[in-house]
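Work out the full structure, taking the sequences as your base and the hints as a guide.
Numbering-wise, the numbering used here comes out as the position in the sequence shown, counting from 1, plus 44.
Calculated directly from the structure, the hints in this document are not laboratory data. Just so it is clear, the structure is predicted and the values come from calculations on it, not from any experiment. It is possible that part of the hints are untrue.
Here are the simulated EDC-like cross-link-like pairs (lysine to aspartate or glutamate), alpha carbons at most 16 Å apart as the crow flies [what the hints assert, rightly or not]:
1) 85 with 95
2) 85 with 58
3) 85 with 102
4) 85 with 68
5) 85 with 117
6) 85 with 194
7) 85 with 188
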Amino acid sequence: MDKLRDLVIDMPSDREITLTRSFDAPRELVFAAHSQAEHLKHWWGRGNPVDIEIDFREGGRYRNVEHAADGNDYAFRGEFREIVVPERIVQTFEYEGMPGQVAVETLVFTEHDGRTTITSTTRFDTTEQRDGMAESGMAQGAAESYAALDRHLATLR
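This is the structure in structure tokens:
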């Protein structure tokens, strides 16, 4: 559970999960780490090897395939609906292992005194989908990915 200490998880409604985490890096850099393949490959997927395809523009798509230590590949995809550099990204999110269950993620980047806080709100179609995501190990995976992002950002400062 120690990896979860920096990650705040909330369920503000019956169809949403919010993750909040702060980083010791300027907002422009944290935003770039979410929008550029050369950064994403270092932290997305908990730091495991990952193939990144990204067309970062409104209407553009992404696909990330994590090559996990358990020998399995985990693929996720989505489309960018709204981009406000360096403040906000709205995108869809779909785990290819559960096709058709598409959530909408809103990432908000705020900076205060050189630290950036990411607030990620994921909205699901149903309470059951939200609860399934919450029970899937999502919190641990997000905490591991954000820890890998923290390590990556440290190399860029």
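Going through the hints against the structure:
1. 85 with 95: holds, 7 Å
2. 85 with 58: violated, 33 Å
3. 85 with 102: The hint is violated at about 21 Å.
4. 85 with 68: violated, 20 Å
5. 85 with 117: Holds - the C-alpha atoms of residue 117 and residue 85 are around 15 Å apart, at most 16 Å.
6. 85 with 194: Judged against 16 Å, a Cα distance of about 13 Å means the pair holds.
7. 85 with 188: holds, 14 Å
Taken one by one, the earlier hints fail for this structure at numbers 2, 3 and 4, listed in ascending order.
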